[in-house]
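Participant: Sequence:
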Amino acid sequence: MSRIFALARLPLVATAAFVVVLALLPGRRELALHLYALTVAALALAWLVGVVRRAHPVAKLSPFDLGLRTSRHTREPVAELERIEREVSMSASTAFDVHFRLRPRVQRIARQLLAARRGIDIATQPEAARRVLGEETWAIVRPDAQPPADRSGPGLDARRMRAVVASLEAL
1248 MSRIFALARL
1258 PLVATAAFVV
1268 VLALLPGRRE
1278 LALHLYALTV
1288 AALALAWLVG
1298 VVRRAHPVAK
1308 LSPFDLGLRT
1318 SRHTREPVAE
1328 LERIEREVSM
1338 SASTAFDVHF
1348 RLRPRVQRIA
1358 RQLLAARRGI
1368 DIATQPEAAR
1378 RVLGEETWAI
1388 VRPDAQPPAD
1398 RSGPGLDARR
1408 MRAVVASLEA
1418 L
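Just so you know, the sequence shown maps onto residues 1248 to 1418 in this note's numbering.
Worth flagging that the hints you see were computed from the coordinates, not collected in a lab. Here a beta-carbon is modelled for each residue, glycine too, at the ideal position from N, C-alpha and C. One or more of the hints may lead you astray.
[Stated by the list, open to error] Just the calculated beta-carbon pair ranges, DEER-fashion: (1) Arg-1398 x Ala-1326: 19 to 29 Å; (2) Ala-1363 x Ser-1309: 19 to 29 Å; (3) Gln-1393 x Arg-1330: 22 to 32 Å; (4) Ala-1264 x Pro-1304: 27 to 37 Å.
Between the sequences and the hints, there should be enough to build the whole structure, so can you do that?
Facilitator: Below, the structure written as structure tokens:
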């Protein structure tokens, strides 16, 4: 019941104001009537908007706003990328890791890049591959590379790793 009085309060105030204007300014009857009609129409429109909003609530953010938000959860790294990172970091430690972990991956990459971009096969054209790759990379990818005598010997330092990556990128 109190809600009905709350809804009726504003139109009642508008009606009272209309009556006061009619009493004080009798010559402005048309203007007062237009203002009253406009006020009542605005109140009715506001009430209808409220009804529609309650019937069809919207999200606090629009779909556009939701699209602009950055995700709060961090994306999990791709498993293959984690594996490569692990191989690279381990190859900095020992010669064993360079030969048995990093070498097969670098060899596969070099073989594919040489074949696709230069038409060179490492197995049948080792001298051409050596010339294109450079000594740093060739020492890792050469098909006849033997396992290191000292497995715990030094791995691949950052300078040599950059040289290998640069030579592969240059292909």
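Participant: Against each hint, give a clear statement of whether it holds in the structure.
Facilitator: Here is how each hint holds up against the structure:
1. Arg-1398 x Ala-1326: 19 to 29 Å: Given range 19 to 29 Å: holds, Cβ gap about 27 Å.
2. Ala-1363 x Ser-1309: 19 to 29 Å: violated, 47 Å
3. Gln-1393 x Arg-1330: 22 to 32 Å: Given range 22 to 32 Å: holds, Cβ gap about 25 Å.
4. Ala-1264 x Pro-1304: 27 to 37 Å: holds, 34 Å
Hint compliance for this structure: hint 2 alone is broken.
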